[in-house]
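Since the structure of chain A is provided, determine the placement of chain B on it from the hints.
Below, each chain spelled out in residue letters.
There are 2 protein chains.
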Amino acid sequence: MPPALDFFFELASTYSYPAAMRIGGLAQTAGVTVRWRPFLLGPIFKARGWDNSPFNLYPDKGRYMWRDLERVTAALGLPFQRPDPFPQSSLLAARVAHVGLVQGWGEAFCRAVYTAEFGAGRSIADNDVIAELLRGLEVAPEPVLARAQSHEIKAKLRTETEAAQRLGIFGAPSFVIGEELFWGNDRLEAALAWARARSG
Amino acid sequence: MPPALDFFFELASTYSYPAAMRIGGLAQTAGVTVRWRPFLLGPIFKARGWDNSPFNLYPDKGRYMWRDLERVTAALGLPFQRPDPFPQSSLLAARVAHVGLVQGWGEAFCRAVYTAEFGAGRSIADNDVIAELLRGLEVAPEPVLARAQSHEIKAKLRTETEAAQRLGIFGAPSFVIGEELFWGNDRLEAALAWARARSG
Numbered sequence: 001m002p003p004a005l006d007f008f009f010e011l012a013s014t015y016s017y018p019a020a021m022r023i024g025g026l027a028q029t030a031g032v033t034v035r036w037r038p039f040l041l042g043p044i045f046k047a048r049g050w051d052n053s054p055f056n057l058y059p060d061k062g063r064y065m066w067r068d069l070e071r072v073t074a075a076l077g078l079p080f081q082r083p084d085p086f087p088q089s090s091l092l093a094a095r096v097a098h099v100g101l102v103q104g105w106g107e108a109f110c111r112a113v114y115t116a117e118f119g120a121g122r123s124i125a126d127n128d129v130i131a132e133l134l135r136g137l138e139v140a141p142e143p144v145l146a147r148a149q150s151h152e153i154k155a156k157l158r159t160e161t162e163a164a165q166r167l168g169i170f171g172a173p174s175f176v177i178g179e180e181l182f183w184g185n186d187r188l189e190a191a192l193a194w195a196r197a198r199s200g
Numbered sequence: 001m002p003p004a005l006d007f008f009f010e011l012a013s014t015y016s017y018p019a020a021m022r023i024g025g026l027a028q029t030a031g032v033t034v035r036w037r038p039f040l041l042g043p044i045f046k047a048r049g050w051d052n053s054p055f056n057l058y059p060d061k062g063r064y065m066w067r068d069l070e071r072v073t074a075a076l077g078l079p080f081q082r083p084d085p086f087p088q089s090s091l092l093a094a095r096v097a098h099v100g101l102v103q104g105w106g107e108a109f110c111r112a113v114y115t116a117e118f119g120a121g122r123s124i125a126d127n128d129v130i131a132e133l134l135r136g137l138e139v140a141p142e143p144v145l146a147r148a149q150s151h152e153i154k155a156k157l158r159t160e161t162e163a164a165q166r167l168g169i170f171g172a173p174s175f176v177i178g179e180e181l182f183w184g185n186d187r188l189e190a191a192l193a194w195a196r197a198r199s200g
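Quick note, the sequences are listed as chains A and B, same order.
Mapped onto this note's numbering, the consecutive letters of the first sequence carry residue numbers 1 to 200.
Mapped onto this note's numbering, the consecutive letters of the second sequence carry residue numbers 1 to 200.
It should be emphasised that the hints constitute simulated quantities derived from the structure, not laboratory data.
Computed from a predicted structure; not experimentally measured.
You may find that some hints are simply not true.
A pair holds if it fits inside one copy or across any two, identical chains being indistinguishable in the list.
Claimed, not checked - DSS-like, lysine-lysine: derived pairs with alpha carbons at most 30 angstroms apart: (1) Lys154 - Lys46; (2) Lys61 - Lys154; (3) Lys156 - Lys46.
So that you can see chain A by itself, here it is in the shape it has in the complex:
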């Protein structure tokens, strides 16, 4: 068995952006298989009594995060533009991502979503934007957008969010190897090293 890691991310999450852009190359170098698992942070924040992003609830932390993200993306050579409103509703994008992860274009779609949202400040809640991103991947939007509203895909996203909750996940991105949890873009390298060291 090659080493494997579960990559839990939320398409509205700021630090999931650099993680999603970095994980492919780093995992390949480390020889680790990555399972992309988009989920929703909203229900997890709600269970904690939060009705908004902690970056909005605590403005000092929010101010810091935006400046830090600007530095982090600059260091990686990634474009950065703050979307308004923040957080974006990621429900549609997350459902489409789950369609894509079955059909083989899911990872590229997630990178496209992050680049639109945090690289160009675009609205990912917008059907037209999602359709445009799909066309950019040479995927016909109409059947995908219909499939995204199917019972099966809706249930899949709910199940993944519940799985994240059961694993003790409280933020994104999170990386899981067995029961070992790593939280944050800053822990990507440590998580990959852990996966590599613990594989058969």
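Then chain B, alone, in the frame of chain A:
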């Protein structure tokens, strides 16, 4: 002017432990002067409406933090033992640290506090423990403990906490170069690089 960085830390803060143990060597290599500025997080958390550490208020985050700190310290070869209660009252230790930073043994004292607290799980609120740590540095405890209760030292710690607040600091460790804020042990390298790049 050699590049300089302000190191804001709280003696009860978990991630300040690895930062305090690492900063001396890394700053020397980078050619950056570090000003050690112990402050209290309590008043900053109180202003946010928290009467306890967020790691206690949010148990999932707390559970994760202890496991993560165990991994971080193991990777650095630092001893780790969880103190009980957490957080420790750091008022006495912070005042003594300010005495020591004037007298030349402050940085070594802070490292000794962290090693006792998070390396051996000892109580840093205890006068006898602080006296023992001072003797370990060949500093006579009695005059220092008396000086720590002086009006001047009490005022100094308050002033430093207010300075942290004014700089937008909301957690520890934090690193400040001018108005540029970096938060967390994970940002130590980036902060040193920033200080180095921006110096005359």
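Results of checking the hints against the structure:
1. Lys154 - Lys46: within (19 angstroms within a copy, 41 angstroms between copies)
2. Lys61 - Lys154: Answer is between; shortest inter-copy Cα gap is 28 angstroms, intra-copy 32 angstroms.
3. Lys156 - Lys46: Within. Shortest intra-copy distance 20 angstroms satisfies the 30 angstroms Cα cut-off; inter-copy 41 angstroms does not.
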